[in-house]
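Novice: Top to bottom, those sequences are chains L and X.
Under our numbering, the first residue of the first sequence is numbered 1026, with each subsequent residue one higher.
Under our numbering, the first residue of the second sequence is numbered 3, with each subsequent residue one higher.
Hint data in this document are derived by calculation from the structure and do not stem from the laboratory.
Any given hint might turn out to be false.
Unchecked claim - Using 20 Å as the maximum straight-line C-alpha spacing, the simulated SDA-like pairs for lysine to any residue come out as follows: (1) Lys1047/L with Gly286/X; (2) Lys1269/L with Asp272/X; (3) Lys1269/L with Lys156/X; (4) Lys289/X with Lys1269/L; (5) Lys1269/L with Tyr85/X; (6) Lys1047/L with Pro1066/L; (7) Lys289/X with Glu1124/L; (8) Lys1269/L with Arg249/X; (9) Lys1269/L with Leu236/X; (10) Lys156/X with Asp166/X; (11) Lys1269/L with Asp166/X; (12) Lys1269/L with Tyr243/X; (13) Lys289/X with Glu1045/L; (14) Lys57/X with Gly41/X.
Everything numeric in this text was worked out from a predicted model, so none of it was measured.
Below, each chain spelled out in residue letters.
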Amino acid sequence: MSVLVDEDTRVVVQGITGGEGKFHTEQMLEYGTNVVAGAVPGRGGQEVAGVPVYDTVQQAAREEDANASVVFVPPAFAADACFEALDAKGIDLVVAITEGIPTQDMARVYRKQQETDTHLVGPNCPGVITPGVAKLGILPGNIFSEGNVGLVSRSGTLTYQVVDNLTDRGLGQTTAIGIGGDPIIGTDFIDALELFEADPDTHAVVMCGEIGGEDEEEAARFIGQNMDTPVAGFIAGRTAPPGKRMGHAGAIVSGSGTGTAESKINALENNGVPVGDTPEEVADHIEDLL
Amino acid sequence: MRLHEYQAKQVFADAGVPTPASQLATTVDEAVDAAEDIGYPVAIKAQVHVGGRGKAGGIKLVENKEEAEEAADAILGMDLKGYHVSKVLVEEAVDFVNELYVGVTMDRGEGEPVAMVSTKGGVNIEEVAEEDPDAIAREHIDPAFGMHPFQARKVVYEAGVDRDVANDVASVLTTLYQLWDDRDGSDVEVNPLMITSDDEVIAADAVMNIDDDALFRQPEIAEMGEEAEEGDELEQKADEYGFDYVRLDGNVGIIGNGAGLVMTTLDLVDYYGGEPANFLDVGGGAKADRIANALDMVFSDDNVDSVVFNIFGGITRGDEVANGINQALEQFDEIPKPVTVRLAGTNAEEGMEILNEDLVTVEHTLEDAVQRAVEYAKEVEA
Chain L
1026 MSVLVDEDTR
1036 VVVQGITGGE
1046 GKFHTEQMLE
1056 YGTNVVAGAV
1066 PGRGGQEVAG
1076 VPVYDTVQQA
1086 AREEDANASV
1096 VFVPPAFAAD
1106 ACFEALDAKG
1116 IDLVVAITEG
1126 IPTQDMARVY
1136 RKQQETDTHL
1146 VGPNCPGVIT
1156 PGVAKLGILP
1166 GNIFSEGNVG
1176 LVSRSGTLTY
1186 QVVDNLTDRG
1196 LGQTTAIGIG
1206 GDPIIGTDFI
1216 DALELFEADP
1226 DTHAVVMCGE
1236 IGGEDEEEAA
1246 RFIGQNMDTP
1256 VAGFIAGRTA
1266 PPGKRMGHAG
1276 AIVSGSGTGT
1286 AESKINALEN
1296 NGVPVGDTPE
1306 EVADHIEDLL
Chain X
3 MRLHEYQAKQ
13 VFADAGVPTP
23 ASQLATTVDE
33 AVDAAEDIGY
43 PVAIKAQVHV
53 GGRGKAGGIK
63 LVENKEEAEE
73 AADAILGMDL
83 KGYHVSKVLV
93 EEAVDFVNEL
103 YVGVTMDRGE
113 GEPVAMVSTK
123 GGVNIEEVAE
133 EDPDAIAREH
143 IDPAFGMHPF
153 QARKVVYEAG
163 VDRDVANDVA
173 SVLTTLYQLW
183 DDRDGSDVEV
193 NPLMITSDDE
203 VIAADAVMNI
213 DDDALFRQPE
223 IAEMGEEAEE
233 GDELEQKADE
243 YGFDYVRLDG
253 NVGIIGNGAG
263 LVMTTLDLVD
273 YYGGEPANFL
283 DVGGGAKADR
293 IANALDMVFS
303 DDNVDSVVFN
313 IFGGITRGDE
323 VANGINQALE
333 QFDEIPKPVT
343 VRLAGTNAEE
353 GMEILNEDLV
363 TVEHTLEDAV
373 QRAVEYAKEV
383 EA
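Pulled out of the complex, with its shape left as it was, chain L reads as follows (with noise of 0.2 Å):
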């Protein structure tokens, strides 16, 4: 078992004609995903990599059956790509890549989203991976292992990071969800904590946290009041000073003291979360927990 992501997922990579695009979609069907179907307006007819593409993603999820898709499309016009994605029937996974969408975009796609029961992951996330199944988006798949535990996380290098200290000590992964960088973002740390919390082959979770916001306090707890199984923390930005953004737009410390990474070790810790000081302490939790 998985989740979000499995064997039946059918995918439809929006931008596909793009560099970004081209070359991840070869990656992700070298990994063994199943991309059916490519949408770029104005390109119908081609194929990128062997795949069809379609000049809608209606067209995709309609001639190819896909049911996910995952969006590879500028700034400027990932908005569009991704309300074209909640809107399409079929399609009930939307992965967003991209970075640097303007937050007044996201906040009307958040709100479109809010009124289906499409899951929205990103943006500015690495994506999706169930290993050994099938990868949505850019994530090394090689570094990744079939196991069972559960992945969350806010930023994509760090997690490569931490699941390759997982991986080393034989610790596989059930999924591992990006969930992004950005300030409004679809699928939250409570969202896929849920997930994994209902799916009975996940035995641990890793949630990897950052400076900004208050989602961790608030997936701190509901972790203690809500799940049984077990989870392992880390937050980056100890060192962060406040009013700088640090690299992700999401990952700012505000001036008057919210969005520490004080605050969301304090939280997590006090719902019964061990937090690690490294990554290789994050693997150790792991494995005490299991």
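Position chain X relative to chain L; hints supplied.
Specialist: This is chain X only, laid out in the frame that chain L set:
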């Protein structure tokens, strides 16, 4: 991106928000002329992005020509919490009976904009939010509809604003929301919004922060931003190179890929007893020349005694990174600062073979690399 007060005021005034008469000045003579023109008393206000400008001596109220000359001379060219003051706004002093706070921001937790009004204006609103949260009335706005007129009235009345000025305050709020929406604002606020004894409302300060990710469709604002840029030379250089960069106080320079991993590298430097000098994210898929630029940046920071490279390749390739490091270091007769490199992920093995170990120290784990770099920094310091 944050506009200067004088720029934000111009945007507000153009949109119909009442603002005091004011003129921008870059020399003492200009400032005095402006003060004479506007008529005393006037406020002379430093145009820098520093909180608590008044307390730090960046705002002075003057009553006559001599005082204006003295104040302008003191403020122009002063160093205000690390920022050089090159412009002052000379502004009509407003005689007020009340000060309000009015603003619109994005509530990231809710994923919706929120309009806020408080009768506790004129002080730091974040402190009010913490100490007396009920003193701020809030109204969430559905981004699909925008702000309904009733919502502006509702939040104004909820805040306890006098009925005599409520309509005018609601009208200012409506304009602020419109600006927030049209100009891709992240925060748009007036604090204080002054109420005079004649029940006039006047925006005595103006804050306009714009979403950096939306500047591509806000050319006018982006142009103002070029004027508003200020501060650290290295941070400006990072902008040119297109790096996410933040300068800190320590002596261990840090270069990595991906915000979360770079933050983690900073944290580990601290954890192992060192002090991070910077955050530098080269981003995804960095090629050799980009890597060389990153090294150049960190080397040019005089505080840096030791540099650690931490790359976990997904779309970034270890061999590209290694070539970039070699290329940058081969230019030097003597390596200016010790460089420790850790490569993992895509093509890491190839990368480590390419790296010239006469020029860099190679470590295989994140923890080892950080500890090594911290040691080097301590040796240099000693």
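Novice: For each hint, tell me whether it holds in the structure or not.
Specialist: How the hints compare with the structure:
1. Lys1047/L with Gly286/X: Satisfied, since the Cα-Cα distance of roughly 16 Å is no more than 20 Å.
2. Lys1269/L with Asp272/X: Roughly 18 Å between the alpha carbons, so the hint for Lys1269/L and Asp272/X holds.
3. Lys1269/L with Lys156/X: Outside the cut-off at roughly 34 Å; violated.
4. Lys289/X with Lys1269/L: The hint is violated at about 26 Å.
5. Lys1269/L with Tyr85/X: holds (16 Å)
6. Lys1047/L with Pro1066/L: holds (15 Å)
7. Lys289/X with Glu1124/L: holds (19 Å)
8. Lys1269/L with Arg249/X: Holds, because 10 Å separates the two Cα atoms, which is no more than 20 Å.
9. Lys1269/L with Leu236/X: holds (15 Å)
10. Lys156/X with Asp166/X: This hinted pair holds, its Cα atoms lying about 15 Å apart.
11. Lys1269/L with Asp166/X: violated (41 Å)
12. Lys1269/L with Tyr243/X: holds (18 Å)
13. Lys289/X with Glu1045/L: With a Cα-Cα distance of about 15 Å, the restraint between Lys289/X and Glu1045/L holds, given a limit of 20 Å.
14. Lys57/X with Gly41/X: At roughly 24 Å apart (the allowed maximum being 20 Å), Gly41/X and Lys57/X break the hint.
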